[in-house]
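Asks: Got chain B sorted already, so can you dock chain G onto it with the hints?
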Amino acid sequence: DAKTTQPTSMDCAEGRAANLPCNHSTISGNEYVYWYRQIHSQGPQYIIHGLKNNETNEMASLIITEDRKSSTLILPHATLRDTAVYYCIVRVIGQGAQKLVFGQGTRLTINP
Amino acid sequence: GAVVSQHPSWVICKSGTSVKIECRSLDFQATTMFWYRQFPKQSLMLMATSNEGSKATYEQGVEKDKFLINHASLTLSTLTVTSAHPEDSSFYICSARIQYNEQFFGPGTRLTVL
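Sequence lines, in order, name chains B and G. The numbers in our numbering rise by one with no breaks, and the one at position 107 of the first sequence is 107. The numbers in our numbering rise by one with no breaks, and the one at position 44 of the second sequence is 44.
Read the hints as simulated data drawn from the structure, not as lab findings.
Derived pair list, reagent style DSSO-like, types lysine-lysine, alpha-carbon separation capped at 27 angstroms:
id, chain 1, residue 1, chain 2, residue 2
1, B, K52, B, K99
2, G, K66, G, K14
3, B, K99, B, K3
4, B, K99, B, K69
5, G, K41, B, K3
6, B, K99, G, K64
7, B, K69, B, K3
8, G, K41, B, K99
9, G, K14, G, K41
10, G, K20, B, K99
11, B, K52, B, K3
12, B, K99, G, K55
13, G, K66, B, K99
14, G, K64, G, K41
Label-pair distances were calculated between CB atoms; the ranges are:
id, chain 1, residue 1, chain 2, residue 2, range
15, B, V92, G, K55, 21 to 31 angstroms
16, B, M59, G, Q29, 23 to 33 angstroms
17, G, K64, B, G29, 27 to 37 angstroms
18, G, A72, B, A13, 46 to 56 angstroms
19, B, M59, G, S43, 20 to 30 angstroms
20, B, N30, G, G16, 40 to 50 angstroms
21, B, I93, G, T112, 31 to 41 angstroms
22, G, K55, B, P21, 35 to 45 angstroms
23, B, E14, G, L68, 39 to 49 angstroms
All C-beta atoms in this analysis are idealised placements derived from N, C-alpha and C, irrespective of residue type, glycine included.
Looking at chain B on its own, in the form it has when it is part of the complex:
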């Protein structure tokens, strides 16, 4: 899997948008960008994924740059329950799908 680089930690005020960056400069053409989060002492939770187009679901938006070398996860109105470690992972899916390999992630703290 291509490596990703994320800031170690970030803070955000409750109610504001949280923007979490991820660099994946060596991403291959068939690799998707995935985001998971892990709330303390729980299993990881899938958030969103995309290939090259921006994606949005009920949890977040994913913005992928045109060259696909970086992306940003946006939590539009962060709440205290969004405090977690967020992992950005790039991987091939479909036939030949690769294992999910977790990096260190970004520890996001939402402050009241």
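Replies: The following block gives chain G in isolation, referenced to the frame of chain B:
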């Protein structure tokens, strides 16, 4: 849908004993299950991949004789930590995947070895 459960959620055992952790896919059949380990303040580390009906594939550095994995059905995989020692104390997390689709994670099992 796509719920994965683990049992027990936490366990305390004495050094030298064996502990079995179950991972179940509740509403789907998982062709592949994965086992991860997570030490405090660290990321998840993949231990092994198991496909139903075949032997598990272990990651480098993971002792297959110590961490026995059985994936006897499409909804159940078990991880047995044999002769557990304090250094095996960790948070063990399983995940399940349908064919080549998404992985869904269980809530984790916290093992403490005294």
